[in-house]
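Read off the chains here:
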Amino acid sequence: MRQYFGRKLFIYGLTFVAAVTVNWMIPRFMPGDPVASMLARARVSQPEAVEAMRAYYISLFGFDQPVWQQYLNFWGAMFRGDFGISIYVFPTPVTDLILGAVPYTLGLMIPAVLLSYWAGNRLGAFAARRQLLDNSVLPVGYILTATPYMWLAVLLAWGLGVVAGWFPVAGGYAFSLQPSWSWPFIESLLHHWALPFLSLFLVALGGWAIGMRNMIIYELESDYSTYLAALGAPARLIRRYAYRNAMLPQITGLALQLGVLVAGALVTEIVFSYPGIGSLILKAIQNQDFFLLQGSFMFIVVGVLVANFIIDIVYVLIDPRTRTGMAGAQA
Amino acid sequence: MQTRARILIPLLAAGLAAAACTGGGGAAAPTPDTTEAASAPADANAGGLPRNETLYTTGTQWGPPANFNPIREWDSATGTKGLVYETLFHYDPNEAKLVPWIAESGSWADDKTYEVKVRQGVTWADGKPLTAKDVAFSYSLGKMETVPFHNMWDWLENVEATDDQTVRFTFSDARYQEWDYNLYSRVIVPEHIWGGLSEEDVLNGVNENPVGSGAYSYQSHDQDRVVWVKRDGWWGKDALGMDPKPKYIVDVATPSNEVAMGMLLQKGLDLSNNFLPGVSNLINGNFGITSYYNEPPYMLSANTAWLVPNTTKKPMDDPAFRKALATSVDVKKIVEGVYGNLVKEASPTGLLPQWDQFVDQGVVSSDGFTFSTDEAKKMLADAGYRDRDGDGLVENKDGSKISLTIEVPTGWTDWMEAARVIAASGKAAGIEITPEFPDFNALVENRSKGNFDLIINNERQLSSSPWTYYDYMFNLPIQKTQNTVNFGRYENKEAWKLVQELDGVKTDDIEGMKEVISKIQKIHLDEMPIIPLWYNGLWAQSSNSTWKNWPSSAEGAPKYAATMWRNWMELGGFETLTQLQPAAD
Chain A
47 MRQYFGRKLF IYGLTFVAAV TVNWMIPRFM PGDPVASMLA RARVSQPEAV EAMRAYYISL
107 FGFDQPVWQQ YLNFWGAMFR GDFGISIYVF PTPVTDLILG AVPYTLGLMI PAVLLSYWAG
167 NRLGAFAARR QLLDNSVLPV GYILTATPYM WLAVLLAWGL GVVAGWFPVA GGYAFSLQPS
227 WSWPFIESLL HHWALPFLSL FLVALGGWAI GMRNMIIYEL ESDYSTYLAA LGAPARLIRR
287 YAYRNAMLPQ ITGLALQLGV LVAGALVTEI VFSYPGIGSL ILKAIQNQDF FLLQGSFMFI
347 VVGVLVANFI IDIVYVLIDP RTRTGMAGAQ A
Chain B
186 MQTRARILIP LLAAGLAAAA CTGGGGAAAP TPDTTEAASA PADANAGGLP RNETLYTTGT
246 QWGPPANFNP IREWDSATGT KGLVYETLFH YDPNEAKLVP WIAESGSWAD DKTYEVKVRQ
306 GVTWADGKPL TAKDVAFSYS LGKMETVPFH NMWDWLENVE ATDDQTVRFT FSDARYQEWD
366 YNLYSRVIVP EHIWGGLSEE DVLNGVNENP VGSGAYSYQS HDQDRVVWVK RDGWWGKDAL
426 GMDPKPKYIV DVATPSNEVA MGMLLQKGLD LSNNFLPGVS NLINGNFGIT SYYNEPPYML
486 SANTAWLVPN TTKKPMDDPA FRKALATSVD VKKIVEGVYG NLVKEASPTG LLPQWDQFVD
546 QGVVSSDGFT FSTDEAKKML ADAGYRDRDG DGLVENKDGS KISLTIEVPT GWTDWMEAAR
606 VIAASGKAAG IEITPEFPDF NALVENRSKG NFDLIINNER QLSSSPWTYY DYMFNLPIQK
666 TQNTVNFGRY ENKEAWKLVQ ELDGVKTDDI EGMKEVISKI QKIHLDEMPI IPLWYNGLWA
726 QSSNSTWKNW PSSAEGAPKY AATMWRNWME LGGFETLTQL QPAAD
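Here the protein sequences line up with chains A and B, keeping their order.
In short: position in the first sequence from 1, add 46, done, that's the working numbering.
In short: position in the second sequence from 1, add 185, done, that's the working numbering.
Derived by calculation from the structure, the hints in this document are not laboratory data.
What you are looking at is a predicted structure, and each value in this text was computed from that prediction instead of being measured.
Wrong hints could be hidden among the right ones.
Ranges between beta-carbon positions, derived for each pair [claimed, not checked]:
#1 B:Ser441 with A:Thr61: 27 to 37 Å
#2 B:Pro314 with A:Arg74: 45 to 55 Å
#3 A:Pro157 with B:Gly470: 35 to 45 Å
#4 A:Gly205 with B:Asn469: 15 to 25 Å
#5 B:Ala609 with A:Ala192: 29 to 39 Å
#6 B:Asn471 with A:Glu233: 25 to 35 Å
#7 B:Ser441 with A:Ala192: 23 to 33 Å
#8 A:Gly205 with B:Asn471: 13 to 23 Å
#9 A:Ile232 with B:Lys302: 46 to 56 Å
All C-beta atoms in this analysis are idealised placements derived from N, C-alpha and C, irrespective of residue type, glycine included.
Please model the entire structure based on the sequences and the hints provided.
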């Protein structure tokens, strides 16, 4: 057991170092000079003023130090939770911006991924081998997964938002409110959350349902099911065994989904103007704000690694073969 | 067990992921209001802002509000200047004159001395009086090298408060036109707060609790909005007889076009100052959405979109080629095809319709250009640009190929289409032009360093004087990086001398201005260093559901510019607020 986790942790550590390094490198070696574009935005034409401002910003962002020093500074600052100052939302610290956006993204993505996973699996398992359900769930599932996400989202926003007027089309909460733990605020939060959530939920649901249905059919036709049936076991019991076996590939799928959790919300957040990490990343790219970009990517990297680690633990819990394998390795 | 496990696993994963992700992000679990100012009053929150007292606007702020520092004129939250901080004067483009604001009056005591009388009874939000000292202090901030209006001190020699109400500006070189522009562009900040700040704080401070003299004060902000609240006891209510009607102004960070359109239709927005393609359908339809005109061009004109050739490169260094290029562009096709008549074709001088009186029609008819593919072909041939290899496209005089690119920022869909039209009409006349769409920052960099062939630019806005346009065209000397003016790096000492001469003409001497401008216009039209294309609109779509009496061309309606854009509050944006009426009445 220790060896298993030791190895996993080592790999994660290595991945982390590599990811941080790449993350640090990309913006620095990207074409374009953020200080220059900042000065261009400042509409300063006076050469002395331009030089004074340039020198000031270069030292503020630490670009005047040797590259290896910048790299070490980056690591040091990162462990203090300091990702620098945003260029685009100057002079707000990047950490503040990300922390302001994270609750929206996680609040949207975690329920969407997990609920669609749960509901999709149940639906798929239920539909398998039931003619009537199968004939309806399968095509609907295919349509949902094949729908371009952007299109579905815009359609929902237009239909339920603009035309029916049931849901707002922009923002994380009503533009007339300020955050507080009051009932109107929470209600408004949920109201704004509903449409983006629904769009994510619907699109993911179809995929899970189809996957599960196919897996169940496969399991029900495998030898152990046939043998159980021959022994006279009730259909309910057989399905339960089939379900647990069919679950394993789905869990792997979930790991992947959780991995892209944060980045996956990008399109959703743009369509519904939802103030999460996705909108922030888009703006950071558009404005060449590479501190913000770095911070957001770091957050995603950590998210992916943590999600994978959790799935590793879950695997040990649900798949006896992993446990046996570990015991065997130790023996 | 099985059933429980099945439900529990995802829940467990959720809990772990949530705990771990936020932990890994670097701090304790955040609440949604981390960006909220702690000082926000709680009472406004009970049921939210009352709809009938709140004005919702968008189209000014392109991202999260960055700071509330009025010295950072380029990225402070819009409204910082105009709603919270004020200027000595406003400018009325219709009457073409300065409107005294904090200043009671201002006049030239002699050719190099300007005296401003500050109004009695103007107070800051903290109750302290605004005096001549504050005005002198604010203009003195420009002595700091990193302050954007530092260059004013090249020609401004001294500013002093001679008594509590009088400020005297002494100039080493009186630039009357430029000075008028500064009078309504520079904010006045309180000396008792800003006096103690270092240069670094002045330039880079967030100023999260702005204390201004304006009608509104800061209430709260978040990633996608800023909320301003009307201040009781604003001095202007009595002194100016003006009273902005909305109690709250919520400035929503500009969302995508679809979302802005959706919000407007849902009546969640009162004023949208962004370009909405096809908005004429909404204005003509029965959607309760209005704009300044209810027929083309629908909007007032705000600035000129120019085609800027890089005059340091061949063949754009040849005036004859530039004139032929100007003649080849089918602007009508852009106006109709790309914009659906939401914009107007520019005059050959590029001066905005508000400056019509300064256009010398004689010069325009003798030296101007009009679109004609045949004429462009002829001009090219006359100048020695001929098609030598028979591909239908002309070559340089030395026989080398001409292959130009026109760059506009990617994602600016209307400009991208316009660039395609320009490329196509250039090709029709025999000039090979290829549209390219780099990202905005890359384009800015190319532009400032002069690494481009052709670009479209519209950064100069309507102002108190055409001088700002000519400064933009002819400014010399050429620097290593050209950040704001003369992107085409056009060098013409004579023209620049005339522009400076224009700067030295007093702003009430219209005839004198016309005389100099006519000479500049002749050079512009003969040399064509920059080619006017169309007048971009002052995009303003308003909804009548909560507020009415929006500015429009209709009789009896206010004639102000209905916009909250940066630097436009002083050009009629604020005045618009004072004219609104609740729709319920």
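Okay, the hints, checked on the actual structure:
At about 35 Å, the CB distance of Ser441 (chain B) to Thr61 (chain A) agrees with the hint of 27 to 37 Å. Separated by about 51 Å at the C-beta atoms, Pro314 (chain B) and Arg74 (chain A) satisfy the suggested range of 45 to 55 Å. Separated by about 39 Å at the C-beta atoms, Pro157 (chain A) and Gly470 (chain B) satisfy the suggested range of 35 to 45 Å. For the hinted restraint 15 to 25 Å between Gly205 (chain A) and Asn469 (chain B), the CB-CB distance of approximately 24 Å keeps it satisfied.
Between Ala609 (chain B) and Ala192 (chain A) the C-beta distance comes to about 37 Å, which sits within the given range of 29 to 39 Å. Range check, Asn471 (chain B) to Glu233 (chain A): about 32 Å between beta-carbon atoms, so the 25 to 35 Å window is met. Checked against the given bound of 23 to 33 Å, the beta carbons of Ser441 (chain B) and Ala192 (chain A), roughly 24 Å apart, stay inside it. Checked against the hint of 13 to 23 Å, the C-beta distance between Gly205 (chain A) and Asn471 (chain B) comes to roughly 21 Å, which is consistent with it.
Between Ile232 (chain A) and Lys302 (chain B), the C-beta spacing of about 54 Å keeps the proposed range 46 to 56 Å intact.
Violated hints are absent here; each numbered hint is respected by the structure.
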